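Asker: Listed below are the residues making up each chain.
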Amino acid sequence: MLEIRNLHASVEDREILRGIDLTVRSGEVHAIMGPNGSGKSTLAGVLAGRDAYAVTEGEVLYEGKNLLEMDPEERAREGVFLAFQYPVEIPGVTNTYFLRAAVNAIRKHRGESELDAGAFLKLVREKMKLIQLKDDLLKRPVNEGFSGGEKKRNEIFHMAVLDPKLAILDETDSGLDIDALRAVADGVNALRGPNRSMLVITHYQRLLQYIVPDRVHILANGRIVKSGGKELALELEEKGYAGLGIEDRVPAGV
Amino acid sequence: MATALNSELSTSKTHLDAFTELEKSMPGHDLPTIARLRRAAIARFGELGFPGERDEDWKFTNVGPIVRTPMRYDNGLSPCVECGSLPHGVQVLSLKEGLNRFSELIESHLGQYADFKQHPFVALNTAFWRDGLFIYIPPGAVVEPITVVWSTEHQSDIPALYYRRLLIVVGTEAQFTLVEDYHGIPQTHYLTNAVTEIVLGERALVDHYKIQHESPNAYHLATTQVVAPYKSNFSTHYFGMGGELVRNEVRVKFTGSHAEATVNGLYLARGTQHMDNHTVIDHAMPHCASHELYKGILDDKARGVFNGKIFVRLDAQKTDAKQTNQTLLLSDDATINTKPQLEIYADDVKCTHGATVGQLDEQQLFYLRSRGIGADQARSLLTYAFANDIVSRIQVPSLRQKLERTLLEANHLPKLEEGE
Ligand SMILES: Nc1ncnc2c1ncn2[C@@H]1O[C@H](COP(=O)(O)OP(=O)(O)OP(=O)(O)O)[C@@H](O)[C@H]1O
Ligand SMILES: [Mg+2]
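Protein chains in written order, with our numbering: chain A, 1 to 254; chain B, 1001 to 1420.
Heads up, a few of these hints could be off.
[Said to hold, decoys possible] Derived CB-CB ranges, DEER-like:
hint, chain 1, residue 1, chain 2, residue 2, range
1, A, Ala54, B, Gly1354, 45 to 53 Å
2, B, Ile1185, A, Ser113, 37 to 45 Å
3, B, Glu1082, A, Ala54, 54 to 62 Å
4, B, Gln1359, A, Arg206, 52 to 60 Å
5, A, Glu237, B, Glu1417, 41 to 49 Å
6, A, Lys122, B, Glu1097, 56 to 64 Å
7, B, Gly1419, A, Ile178, 25 to 33 Å
8, A, Asp51, B, Pro1065, 39 to 47 Å
9, A, Arg125, B, Asp1057, 16 to 24 Å
10, A, Arg125, B, Pro1065, 52 to 60 Å
11, A, Glu238, B, Gly1354, 32 to 40 Å
12, B, Lys1402, A, Tyr86, 35 to 43 Å
13, A, Arg107, B, Gly1419, 17 to 25 Å
14, A, Tyr86, B, Pro1087, 47 to 55 Å
Because the hints were derived from the structure by calculation, they are not lab data. What you are looking at is a predicted structure, and each value in this text was computed from that prediction instead of being measured. Even for Gly, the Cβ is constructed at its ideal location relative to N, Cα and C.
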């Protein structure tokens, strides 16, 4: 599904990703952990096509195609989804209007007809129930004035509606209360399947109790320095980065 | 009826001559107060002349093209009025007819607020108006929205010059919504010179909307002058879309304490359109609040001007004034001149102003695109959202929906469904 080879990326001439190799097969869930500033969100952003990052070396194959060549919207239409660590507020556009535009753009790309109002509403209702999203969040402008937890839940709701093949969740668990964490995890698990892969970025092993990963990777200083099974997350929780012999320092060249 | 004057009006001199010629045919010429007002106005225009570059108030707006265009006077028609059933005592009639039936009332208000002494185009309007509309809302009346539609006639060889005049007198504690709609036959060339005077009674509540979608080749010069006494509440929303050269002025004067005004505007300019917005909020009395939000979207080679004056007079303690001006530049060739002008003479006041000029937000664009929405549509959606911030404040549902549709269509976006 996803193959990252020797990926280097920088922001304003400062190298942040310094040679990432990662393979995620269909149906797998991989967790990425790592200290603050290690490059997790940068990796997520590069995969989603954020142009603030310049890829200087390496390649990324998604379903065998060169992902880095595609525009962000094309990636989304091909099934890549990023749940943002900091979801963006869009005043003036309601959540439903926005989602309908997104769903129809994706459907058009797949050669499907646009959903009419009724069919779209049905889809939305179904997914809202799954994520337990409050009704009024639909009619409100995208993320505007949403609480931190509501924003995160809304990201997962978008994911459920857009039905991606590769979902990248960037700290979707941060700032969630126990119930919200449950709801988000249920939403994610409901989407798990043999044809869907996930990259779950998190600081906490707690989420991984609900969303049990196939692999866990530790990212430090722009490189994956350790990989393992789900036990690695537990071990990290116990010993901390230092205990695992992982240095948490600012990358060179600052 | 009125004489059609086919002479060139390219200099102040011709206006003065035209006045002499037309004076006797103008409504109210037999009423001394009105005749005096007209004469005072034309005399003042003679002194002021047309604004030039050195005129600080007209620094960014060159009226040369208007002054140089030969024009003919229109025949002085009153506007179309759309309204529901009107409560007893409400009067909606042409100014000409109003002068026959309510001359005292009109004489005591007309031309008393829109200051022709300072403004050459207001002076011309005051001297030359041939007809217009008079609305009187009696004290305590609650009136459904009244829409006043000004349209143009078919094009002749010589561009027409339309003087639009509106006088609105609202009684104590009355509640009233007024929609002014200016439009013209596309591709026709003309000048609208409009003056609207709105006088509120104490504790009156007036909600005013102005939709300006003149022909893209038209000139539009307008002043809305509002008088807001004790505990009155006035709100206005201006939507400027049409016109090649536009200057829209909104002036609110607080004449009593504890009054409130909301002055919002949205203008969309593209091609070579020039849109100038001047607002003046005169806090002449204490304990008044004003909220102002103007937004502009400029594309292609369009030029925008925003000048927002706020006066806080010596006695106007506890004034609360807020002004915000936001401009979205969609092209590198579009320009905006924005200037807040706060003159504060009282010391216990809260006044804030802020202006932002920018492009679409990159983070928002990326967020939309990362959900599959194409770059063009994402840009359209954000442009729509920027504008909709003002449109969504409209309290008249049918008008709000109409403008929402206009905005969506202008941005090539899908229609809204129920609940969106
Ligand atoms: N647009 C940017 N401009 C400048 N620096 C950036 C930018 N984006 C990321 N960085 C820097 O790159 C480094 C990695 O950031 P990134 O957001 O990827 O970290 P992270 O691993 O997601 O951290 P966290 O756990 O705190 O979310 C940081 O030092 C950050 O300051
Ligand atoms: Mg991060």
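Asker: Any hints this thing doesn't respect? Which numbers, in order?
Answerer: Result: hints 1, 4, 9, 11 break, sorted rising.
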